[in-house]
Amino acid sequence: EAGVTQSPTHLIKTRGQQVTLRCSPISGHTSVYWYQQALGLGLQFLLWYDEGEERNRGNFPPRFSGRQFPNYSSELNVNALELEDSALYLCASSPRRVASRSYTDTQYFGPGTRLTVL
Amino acid sequence: AQKITQTQPGMFVQEKEAVTLDCTYDTSDPSYGLFWYKQPSSGEMIFLIYQGSYDQQNATEGRYSLNFQKARKSANLVISASQLGDSAMYFCAMSDNQAGTALIFGKGTTLSVSS
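Taken in order, these protein sequences are the chains called G and F.
Under this note's numbering, the first residue of the first sequence is numbered 38, with each subsequent residue one higher.
Under this note's numbering, the first residue of the second sequence is numbered -17, with each subsequent residue one higher.
Hints listed in this document are in silico derivations from the structure and should not be mistaken for laboratory results.
Cβ coordinates follow ideal geometry from the N, Cα and C atoms, glycine included.
Errors might be hidden in some of the hints.
Unchecked claim - One side of the interface only, derived from the structure: several residues of chain F facing chain G at Cβ under 8 angstroms:
1. Ser10
2. Tyr14
3. Glu26
4. Tyr46
5. Phe50
6. Ser77
7. Leu85
So that you can see chain F by itself, here it is in the shape it has in the complex (with noise of 0.2 angstroms):
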């Protein structure tokens, strides 16, 4: 069965320093998706970066970057430059043939960002 692992229930950081915030996937379709979302206090889920399982880069988008390592099976969300608009709960998802369209996510990482 699929599975989403997020080990680090809160993180801590100062502004400008980078983090990383780690998840592990479990799946036997050679066909997926991993996603990674935002979600602030105020309940949205914000959608931050997308990395295809036959995708040969790594994904970027601004301050954010997926660090995905086919073999460990791990999809680590980087965030560069940390600010405190960044202290929220992240959640890093996957979706694969056989779930359809249907995101599995972990249990997020709570991260806070300090001055």
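Isolated chain G, as found in the complex (with noise of 0.2 angstroms):
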């Protein structure tokens, strides 16, 4: 079974531009998380799509955002790049079960993507 895949692997850009990273969840899992590991920070959980819908955002400004498509997989858009994006991005996706016990839900995770801005 294939796991997580997420592209590019490695990705340099220069303050103010904008980057998409992309990311393809495990075959029968319907929901992603996107995740930002910088250097001094640990792991900080950016956002979580299920279903096509964005379900939770974690404390990142508005020019962090995504979407789902059909077919599950999903983008990581980051708009005006600042120096203190440079980061890995890591995606994982999980099987949905029941809602209520979603805190049970285990997630896997990609290889991530390192952005770093210049």
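Could you fit the two chains together into a complex? Lean on the hints.
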């Protein structure tokens, strides 16, 4: 079974530019999550998509946005890049089971996209 | 607010020895899940083991076991018979009803296994 895939692997952008990161979940998984792992800040939750809708959002500005497609793949868009956006961006997926027990859902991560903003 | 604390920035162990990585958590929600992930230098987060707050037994997955002490709010990862390939960063994470499906991560522990 193929795992979560992400593209591109690495990306170099300059401040002010826009970037799009892509994620394909494990087959059968409907939920996709995005996390940012910046040096010194640890792993922080960015966004959660399920069934095409944004379900939850972490403490990030609106220039971080995304969407989920009918095939459950997802894009993360970051506008007006800033130097501190340099980080490893990790995508994860999980199967959706019972909403009331969502805290039990195991998230499986992809290899990440390393973004460098110069 | 929910919080995960990993107090060991680095741990060193020899091959074939067991090692315990510490994790304490804080939540006021009685329903929560605890997870451990391994992150090698390549960056990918690899799921290791899960423990639910209502689970009576400690979780085990091969060489990994979770020492769950609910009253102490601790969820330590025990790796038995360490291997060189176990050298990596290890993260403890939690999800509860307030967090929804968002995982809250600790700062991680770097494990180094030597021969």
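Hints, one by one, checked against the model:
1. Ser10: violated (13 angstroms)
2. Tyr14: Nearest chain G Cβ about 6 angstroms off; hint holds.
3. Glu26: With Cβ-Cβ at 4 angstroms, under 8 angstroms, it holds.
4. Tyr46: Violated. Min distance 14 angstroms.
5. Phe50: Since the shortest Cβ distance to chain G is 14 angstroms, the answer is violated.
6. Ser77: Nearest chain G Cβ about 4 angstroms off; hint holds.
7. Leu85: At 6 angstroms from the nearest chain G Cβ, F/Leu85 passes the 8 angstroms test, so the hint holds.
Comparing the model with each earlier hint shows violations of hints 1, 4 and 5; every other hint is respected.
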